[in-house]
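J.: Spelled out from the first residue to the last, the chains are:
Number of protein chains: 2
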Amino acid sequence: MTAKQGSVARWIADFAQALRTPEQSAWDRLFMPECYWRDFLAFTWNIVTLEGVTAIAAMVEEQAPAIAATALAPDDPALPMTDETQGWFTFETATARCRGHVQLEDGRARVLLTAMIELVGHEEQAGARRPVGVAHHAAKGRRTWLDQRQEEARTLGYAEQPYCLIVGGGQNGLMLAARLKRLSVPTLVIDGFERPGDVWRKRYKSLYLHDPIYLDHFPYLPFPDHWPLYTSKDKMADWLEAYARVMELNIWHETLCAGARYDATAGVWEVTVERSGETRTLRPKHLVLATGLSGAKHVPAIPGADSFAGQQYHSSDHAGGKAMEGKNCVVIGASNSAHDICVDLWENDAHVTMIQRSPTIVVRAETMRTFSDALPYAQPGIATEFADLMMATTPFRMRYATERDMTDALRQIDADFYARLERSGFLLSHGVDGTGFLMAYHRRASGYYIDVGASDLIARGEIAICHGEIAAIERDGIRMEDGSFLPADLIVYATGYRPMQEWVSELISADVARAIGPCWGLGSGTKGDPGPWEGELRNMWKPTAQEALWFQGGNLMQARFHSLHLALQIKARCERLATPIHRPAPSSMAKRNEGALT
Amino acid sequence: MTAKQGSVARWIADFAQALRTPEQSAWDRLFMPECYWRDFLAFTWNIVTLEGVTAIAAMVEEQAPAIAATALAPDDPALPMTDETQGWFTFETATARCRGHVQLEDGRARVLLTAMIELVGHEEQAGARRPVGVAHHAAKGRRTWLDQRQEEARTLGYAEQPYCLIVGGGQNGLMLAARLKRLSVPTLVIDGFERPGDVWRKRYKSLYLHDPIYLDHFPYLPFPDHWPLYTSKDKMADWLEAYARVMELNIWHETLCAGARYDATAGVWEVTVERSGETRTLRPKHLVLATGLSGAKHVPAIPGADSFAGQQYHSSDHAGGKAMEGKNCVVIGASNSAHDICVDLWENDAHVTMIQRSPTIVVRAETMRTFSDALPYAQPGIATEFADLMMATTPFRMRYATERDMTDALRQIDADFYARLERSGFLLSHGVDGTGFLMAYHRRASGYYIDVGASDLIARGEIAICHGEIAAIERDGIRMEDGSFLPADLIVYATGYRPMQEWVSELISADVARAIGPCWGLGSGTKGDPGPWEGELRNMWKPTAQEALWFQGGNLMQARFHSLHLALQIKARCERLATPIHRPAPSSMAKRNEGALT
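Protein sequences, first through last, are from chains A and B.
The numbering used here puts the first residue of the first sequence at 1, with every later residue one more than the last.
The numbering used here puts the first residue of the second sequence at 1, with every later residue one more than the last.
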């Protein structure tokens with residue numbers, strides 16, 4: 001430990017002492033009045049941000065005896081985010097090895113992060129714990145790797161029930177399955193498509209990842225470093241396929257989940273699946289919905305749609321605009337997929353109109369990249385997993401200010417771009433409170449466009465913009481409420497997805513959907529993200545109101561980071577470890593709700 | 001630089017000075033009388049070990065002006081193999097960035113390693129040089145990654161000729177192809193099997209890699225760290241398939257190479273290939289034979305073989321002993337595959353006899369593992385590529401002593417094992433000069449068994465050993481020269497492979513085969529490895545007597561390390577860089593030949 005770390009080390013020692021006698025401890029001497037403790041499982045077996053000393057004291061008093069945190073010690077002073085006022089530390093609980101980071105002000109914590117890293121005695125079978133793989137002696141009836149792999153694939157879901165069933169074989173399902181595999185939790189993934197990666201492969205031709213590659217690594221198998229900065233959907237599809245094979249994941253393809261019922265007495269799900277024409281019942285102990293942030297496609301009911309003579313489909317069914325040369329194409333919606341599909345149609349010489357029904361946040365990918373380049377992920381010598389932790393040190397409420405600053409910076413850098421776009425008639429937003437696209441992503445995963453070319457076409461009038469509401473669809477086009485008419489050979493509904501909650505209602509029951517409430521969103525009280533304030537994404541990667549039902553979703557960074565948390569929770573239950581969950585009192589958070597918007 | 005590095009730094013400075021005026025330099029002040037300079041391309045555009053001051057002075061005088069080594073500077077003192085008498089350094093030549101390592105005795109060099117790392121101005125397109133992958137603006141006629149990938153696969157070998165053609169899609173072909181891909185050298189791999197990995201997949205069921213996993217990494221995409229210590233052939237097959245896909249290698253499967261002719265005037269090969277029934281001529285500038293160390297299967301002509309009523313095949317065609325329960329099986333040969341097949345047959349309840357025609361070196365895999373665990377590859381914090389360089393600091397002649405020491409240690413550790421094995425009648429060897437299996441591998445890639453279980457079966461009499469020569473094969477078995485008869489339902493010829501030279505003769509011409517001479521082997525003057533002494537593996541990964549013909553082979557470690565060297569040589573030619581080759585005078589090496597065995 002260096003001298004500069006003295007105050008941090010002192011705080012850690014005081015904190016360790018306070019944990020020993022939580023009810024007698026003066027938490028307001030350890031924490032600032034406005035303070036945050038963000039915990040990933042370590043203390044709460046939950047993903048929560050506690051706000052304020054009262055919430056923190058209540059949590060510690062409830063949890064400390066069972067959690068039994070010990071061996072708190074400052075981590076390597078050479079780590080990033082280590083100086084006079086902040087530093088990393090390690091500790092152990094009754095069940096796990098954990099890391100922490102504290103940011104001090106005047107000797108008290110303003111922000112504390114605690115995160116579970118691995119379960120003691122149930123570590124991943126990797127590195128020094130890797131299996132030998134073969135016995136170096138002859139034995140009759142010995143089975144090779146292939147024998148065992150084939151038997152596992154053959155029996156799982158038949159002779160042997162999976163402990164965990166994951167619905168959805170995109171990156172979220174595969175990353176979680178890979179983590180559970182390394183933890184020896186029998187896991188089956190079911191997916192509607194024919195092969196891994198089809199969730200990317202079958203989307204529109206021009207789709208590329210919007211995040212640079214260093215944000216996108218999968219657990220355990222980093223992309224090789226010649227990988228392009230931005231990945232095409234087809235290359236990502238191939239990666240998913242290779243990943244599933246190399247990580248030996250058990251996947252049933254062309255399999256749909258038709259219904260699920262939880263037997264609370266037996267602690268088992270009954271999940272009805274349809275696999276290549278056959279209906280089967282699976283009986284996993286845990287059910288993970290990993291189909292993305294949302295449920296099924298949302299196509300608004302518009303009068304007259306049945307009478308339309310041309311083609312019409314949801315944006316997720318847009319395979320490419322090849323046959324649309326010279327045709328009139330109308331895209332309803334103005335978020336990412338609407339823009340990308342407009343570009344694709346324009347590149348195929350269609351006449352393209354976008355119907356924008358509400359203002360859209362736009363950020364330029366090129367400008368975002370300069371910000372991404374400054375993130376820990378892009379710095380040499382910082383492991384991806386550690387960068388994930390660094391990013392996690394800022395709780396959502398504190399991100400309002402940083403996101404607003406970033407949005408302001410983007411508006412300044414790209415002032416000319418935004419001015420041109422607005423002159424074209426495009427309704428531009430920077431978020432209801434000026435916090436831009438990242439907060440919009442966390443609030444409702446919609447309402448923004450990361451510009452990779454469409455905005456320039458809009459500014460140049462190559463993609464026409466139409467505002468207002470649709471009155472009806474007629475045989476040859478769209479009638480707007482103001483009476484104007486848009487002739488159309490193709491209508492693309494880039495109108496998003498239905499809330500996950502609706503799908504839960506159909507799949508399980510309305511009661512369960514109601515108990516769980518919305519998935520995703522922070523409870524910011526903004527459009528599409530009703531309060532009360534939660535401070536973390538609702539229901540994602542953590543216990544829900546329905547025992548043994550979990551949600552795994554988000555972009556590649558989130559899928560990577562949080563699949564660890566969900567895997568640890570499922571493994572702990574598989575091993576029957578005590579997992580005392582702390583759920584912050586809703587009132588304590590709700591009181592502070594209006595602050596979320598300031 | 002630390003104080004302990006003073007003498008090394010002084011030597012590097014003196015060496016740099018001497019390189020500037022090679023003809024006036026007193027090389028015997030820089031090098032010990034018995035000294036070695038091992039060079040990988042940096043100074044010689046060749047892979048050579050120069051032995052003695054005379055050979056070194058001759059090389060430098062010939063090469064120094066064109067090579068123009070500059071900026072010699074001690075490397076990071078924190079690197080392994082850095083102390084008062086040894087250390088790493090970096091330098092640049094007219095074309096390349098290089099690394100070196102020197103081992104001093106009394107201030108003079110006993111061993112010098114110099115190795116090319118990358119070509120200046122032609123670096124791999126990776127890391128900071130990675131491609132962006134997509135243009136963030138709309139443009140008509142824009143092609144996606146998939147468009148480009150598919151076009152490349154479609155046109156290479158048809159509309160566009162590959163610059164480099166690699167025959168053989170095993171790990172050697174794929175690793176080299178991956179390196180050339182990163183260097184933007186248009187490369188096509190042809191392979192006889194249906195899909196990548198079949199070279200492993202189609203071998204006998206019980207095959208596992210004999211080297212622990214940390215020796216086996218492929219370039220650019222390390223195995224995930226849960227990978228078992230020993231890899232099954234089927235898992236390795238899957239890895240090859242995933243690797244080929246992820247690295248975007250261009251491979252024609254089910255394609256055989258029928259003949260090749262070099263047009264020296266045009267500097268182009270005419271290679272006849274048969275692809276799915278179609279005969280095509282490819283016109284690459286460079287031809288790489290990457291089919292392994294050897295040519296086609298060797299099956300000795302034994303009188304009466306045609307009259308045999310049972311099954312008979314070469315060891316490489318042994319798919320598994322499933323149908324052999326209760327049958328008499330005779331395996332001719334006593335090297336690795338012979339042993340492995342005997343075990344497989346025994347595990348399938350066959351009656352197994354091994355015909356051992358000459359003594360075999362045996363080492364136990366378990367014991368070898370303890371030695372492997374001490375290698376740099378197994379140490380945390382040492383990158384695989386750097387470990388490769390560390391291993392390369394010992395020239396072959398110096399390995400005689402270390403390998404003899406290791407063999408002595410193995411004999412002591414496993415004394416009981418060896419005693420039991422010999423008591424069973426098995427003819428045991430430790431190498432003609434006691435240097436054990438690793439020297440045997442480098443001399444003739446044969447004559448040893450890495451024991452993974454067969455030796456115990458032999459010691460217990462579960463696998464019978466038969467000595468002597470075969471007189472004839474009869475209808476129901478094998479008649480030995482001593483008149484004894486071995487009844488057989490199955491005969492497996494584990495009799496190795498024909499020399500690569502023979503295949504070159506058939507494929508290209510007898511003249512070219514004669515000019516090239518033997519591939520592999522050090523010229524040790526021992527059985528299967530005739531002199532003169534070469535000090536490096538003959539014709540492997542370096543210029544041969546035939547312009548634009550190259551050999552890529554060896555185990556996974558060698559494939560990884562030396563594919564870099566071969567890729568750099570081909571890339572340099574592709575970019576028309578000067579590549580002045582130094583070929584040591586044979587006489588200077590031959591004179592020292594007898595020393596090789598001492």
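FYI, nobody ran anything at the bench for these hints, they're computed from the structure.
Some hints here could point you the wrong way.
Same chains, same label: a pair holds when it works inside one copy or across any pair of copies.
[What the hints assert, rightly or not] Mimicking DSS-like on lysine-lysine, the simulated pairs with C-alpha atoms at most 25 Å apart in a straight line are:
(1) 140 to 327
(2) 205 to 140
(3) 322 to 202
(4) 285 to 322
(5) 140 to 202
(6) 140 to 322
(7) 181 to 327
(8) 285 to 181
(9) 285 to 297
(10) 327 to 527
(11) 297 to 527
(12) 202 to 297
J.: Each hint should be assessed against the structure and marked as holding or not.
T.: Against the structure, the hints come out as follows:
1. Taking the shortest Cα distances, residue 140 and residue 327 sit within 25 Å of each other only across copies (16 Å), while inside one copy they are farther apart (69 Å).
2. Taking the shortest Cα distances, residue 205 and residue 140 sit within 25 Å of each other only across copies (13 Å), while inside one copy they are farther apart (53 Å).
3. For a Cα distance limit of 25 Å, the shortest separation of residue 322 from residue 202 inside one copy, 15 Å, qualifies, whereas the shortest one across copies, 43 Å, does not.
4. For the identical chains of this complex, residue 285 and residue 322 are neighbours neither inside a copy (46 Å) nor across copies (39 Å), given an alpha-carbon limit of 25 Å.
5. Within a single copy, residue 140 and residue 202 get their C-alpha atoms only as close as 47 Å, which misses the 25 Å cut-off; across copies the closest is 21 Å, which meets it.
6. For the identical chains of this complex, residue 140 and residue 322 are inter-copy neighbours only, at 12 Å across copies versus 59 Å inside a copy, given an alpha-carbon limit of 25 Å.
7. Neither within a single protomer nor between protomers do residue 181 and residue 327 lie at most 25 Å apart by alpha-carbon distance, with minima of 49 Å and 41 Å respectively.
8. For a Cα distance limit of 25 Å, the shortest separation of residue 285 from residue 181 inside one copy, 16 Å, qualifies, whereas the shortest one across copies, 46 Å, does not.
9. Proximity of residue 285 and residue 297 under a CA criterion of 25 Å is satisfied in neither setting, with 28 Å inside one chain copy and 53 Å between copies.
10. Proximity of residue 327 to residue 527 under the C-alpha cut-off of 25 Å is found in neither arrangement, the shortest distances being 35 Å within a copy and 77 Å between copies.
11. Taking the shortest Cα distances, residue 297 and residue 527 sit within 25 Å of each other inside one copy (20 Å), while across copies they are farther apart (72 Å).
12. With identical chains, the CA atoms of residue 202 and residue 297 are at most 25 Å apart within one copy only, with a shortest distance of 15 Å there and 45 Å across copies.
Checked against the numbered hints given earlier, the structure breaks hints 4, 7, 9, 10 and satisfies all the rest.
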